[in-house]
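Below, each chain spelled out in residue letters.
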Amino acid sequence: MATVFMKWLETSPTAYDRGIQLLTLGRIQRIKERIANAYVHAGMRVLEIGCGTGTLTAMMAARGAEVTGIDASPSMLAEAERKVAQEGLEDHVTLKYMDAVLIGERFPPASFDLIVSTLVFSELSPYEQRYILEACKTLLAPNGRLLIADEVIPTGALRRLFYYVVRLPLALLTWLLTRTSATALRDFESLLEQTGFQARAVASHLGGSLVLYDILPAEIARAEANLPPTVIGRLQHRVTFRTLLLDLWLLFFRIIPPYPKVRTGLYMIGNPTPESPVLVTGNFDLTVRRVVKAIDGKVNVWLLVADSAGINVWCAAGGGYFSAEKVIAAVKSSRLEEVVRHHALILPQLCANGVDGWRIRKEIHWGVHWGPAKARDIPAYLDANRKKTDAMRWVRFPLKDRLEMVTVTLGFYGLLILLPVFIFWRPMFWPITFSIVGLSYFYAIVHPWLPGRDGLYKSIPLSLIALAGLLVYTTVWNPLPAVDLFHWMVILTGLSVFTGAELQGMSPLMRGEQANWGWEAVIGLALVALYWLVPLALGWR
Amino acid sequence: MSMQPTLLSSLKEHLTLAKELRHLEIHFYPEKCKGVWQCYEVCPVGCWTPNYEARVAIFHDPEKCIACGACVLQCPQDAIELK
Ligand code: SF4
Ligand code: SF4
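Top line first, the protein sequences correspond to chains A and B.
Going by my numbering, the letters in the first sequence line up with residues 1 to 541, in that order.
Going by my numbering, the letters in the second sequence line up with residues 542 to 624, in that order.
The hints are simulated quantities; they were obtained by calculation from the structure and are not laboratory data.
Treat the hints with care, as some may be off.
Unchecked claim - No more than 20 angstroms apart at the CA atoms, straight line, and that leaves these computed lysine to aspartate or glutamate pairs for DMTMM-like:
1) B:575 x A:454
2) B:624 x A:247
3) A:362 x B:619
4) B:605 x A:390
5) B:605 x A:187
Unchecked claim - With the Cβ distance kept under 7 angstroms, some of the chain B side facing chain A (calculated, not the full set):
6) 567
7) 587
8) 610
9) 615
10) 623
To be verified - Quick partial rundown of chain A residues pointing at chain B, CB under 10 angstroms, derived from the structure:
11) 350
12) 356
13) 358
14) 367
15) 370
16) 373
17) 390
Backbone N, C-alpha and C fix where the C-beta goes; we use that ideal spot for every residue, glycine too.
Please put together the full structure from these sequences, using the hints given.
Here you go:
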């Protein structure tokens with residue numbers, strides 16, 4: 001159930017299109033038309049960085065250009081492919097799954113006359129932006145140009161105020177309708193200047209917050225060769241009001257996006273030297289803080305935070321959000337080879353289901369070592385010279401984790417079950433709340449001792465226990481009329497099945513919750529039918 | 542507005558996923574195995590053990606496998622399949 005809800009929360013490509021339209025009040029479409037009409041000619045070789053659902057890609061190809069579109073989202077690319085095919089432009093369009101950071105490695109120099117990018121740079125860290133801009137310079141043919149349209153935070157106090165007043169409600173509305181969110185660029189013009197480009201804003205919409213830049217390589221390339229080291233800063237384990245609030249939110253609503261993210265890039269923990277090990281992790285805030293907590297003050301390391309869409313590495317790797325591409329992009333954009341003297345990455349073992357270690361080894365010639373499954377074992381693993389014991393390798397699901405995961409799932413029940421109950425079935429609100437909370441924590445505690453390895457099987461003994469409890473209650477304390485007794489039996493069985501199956505998705509030790517999805521739905525429907533039909537058939541009430 | 546198509550399509554996707562996931566099983570071809578122990582390195586539930594003398598991995602406890610696919614992806618010899 002939760003995964004279906006999550007799926008809905010995830011932006012679908014079409015919803016994304018609508019979201020961006022709404023967020024920019026339709027202005028992005030005008031910018032795209034302008035790009036296609038004013039800058040694109042037949043035969044031109046165009047690279048579109050972040051082609052998304054392919055709107056602009058198709059427009060440019062329709063003008064006769066040879067367009068290469070890259071994107072790091074397979075679902076967006078699939079939609080783009082559909083769009084391009086629909087307009088019969090396949091011969092003029094090449095679509096590729098690629099992280100924007102890697103364009104410099106994947107295309108030969110001077111292979112494009114025009115590079116365009118809309119609403120991509122604002123999603124990237126300044127180091128990634130800089131790295132891509134550098135690459136664009138070598139990819140552009142003589143007289144080539146770069147067009148970047150993006151959200152920027154306007155200059156000037158009044159404009160800025162106006163921007164926040166208009167943008168915040170609009171952003172909220174957009175997220176609610178389409179689960180699309182976007183960020184804005186800061187100081188982009190000075191970055192362009194630093195990387196040796198000359199930029200001119202040729203279109204400005206929405207009070208200067210949506211800008212199209214026409215960018216040409218500057219005559220004199222500035223000191224781009226000796227860029228400063230790309231270390232973002234030092235991470236320390238700290239408990240602040242912000243982290244407490246964030247932890248509280250994450251305890252209940254971890255599954256609801258937008259997820260709190262850490263800026264991708266290279267960080268220090270302690271005082272690492274060029275010989276110190278490099279750990280890689282995803283950019284989910286909680287993951288990074290847990291890693292830092294586990295090693296701060298114990299060992300000195302470099303921490304390379306790669307983009308996992310703000311999701312924990314296990315789920316992100318399983319869902320295709322965290323891949324070799326993302327790790328390579330992080331290694332490249334942080335210029336790691338200039339910072340450390342070795343060529344070895346330590347990846348979290350739990351991303352091995354999605355990050356192809358051999359691709360990293362072959363493509364950029366960095367060694368890949370699979371670190372321990374849990375962050376807290378990292379110091380011991382490093383002390384033992386990267387030797388893993390079986391205990392570090394195997395994932396367990398101890399009581400503390402079970403309680404945490406049950407709480408995370410309960411955050412969902414609040415939305416999925418209790419909210420409708422509260423609205424439509426008020427008298428049952430408290431009884432059902434108590435049953436859910438009681439059942440969930442009870443299940444979390446007895447989980448290892450219930451027979452069966454599958455959440456659905458485990459829910460059978462769970463519901464039997466719940467029914468036994470109900471029987472004791474009605475005989476000892478409060479004899480219930482037959483109808484109520486029957487209804488409670490059905491409700492408790494349903495809640496048990498739901499609890500058992502839901503926690504399965506949260507446990508790293510069982511097959512994904514989806515495995516039970518069909519059965520969960522069938523049992524649920526059967527129970528609802530029983531709930532209504534049996535009393536009717538027996539003529540109760 | 543945007544809810545219906547997304548919810549429906551995700552429902553369908555999950556039903557198919559559910560069907561596949563339940564029946565996935567590890568198929569191991571020991572004759573291809575060169576004993577680099579990547580499977581042992583990455584399996585989170587301990588399905589694999591190295592047999593150092595024979596330089597071949599041993600797949601045991603198939604019922605423990607959660608079909609995460611890590612060993613399949615990391616095996617350089619394509620000695621493991623999940624189907
Ligand atoms: S699929 Fe995952 S759980 Fe199963 S054997 Fe491979 S690594 Fe282990
Ligand atoms: S990863 Fe593949 S080749 Fe290496 S030990 Fe395992 S099965 Fe054998």
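These are the hints, each one checked on the structure:
1. B:575 x A:454: violated, 33 angstroms
2. B:624 x A:247: violated, 39 angstroms
3. A:362 x B:619: Holds: residue 362 of chain A and residue 619 of chain B sit about 16 angstroms apart, inside 20 angstroms.
4. B:605 x A:390: holds, 15 angstroms
5. B:605 x A:187: violated, 53 angstroms
6. 567: Violated - the Cβ of residue 567 of chain B stays beyond 7 angstroms from chain A, reaching only about 12 angstroms at its closest.
7. 587: holds, 5 angstroms
8. 610: holds, 5 angstroms
9. 615: holds, 5 angstroms
10. 623: violated, 10 angstroms
11. 350: holds, 6 angstroms
12. 356: holds, 6 angstroms
13. 358: Status holds, d = 6 angstroms.
14. 367: The hint is violated - residue 367 of chain A has no Cβ within 10 angstroms of chain B, the shortest such distance being about 13 angstroms.
15. 370: holds, 5 angstroms
16. 373: holds, 6 angstroms
17. 390: holds, 7 angstroms
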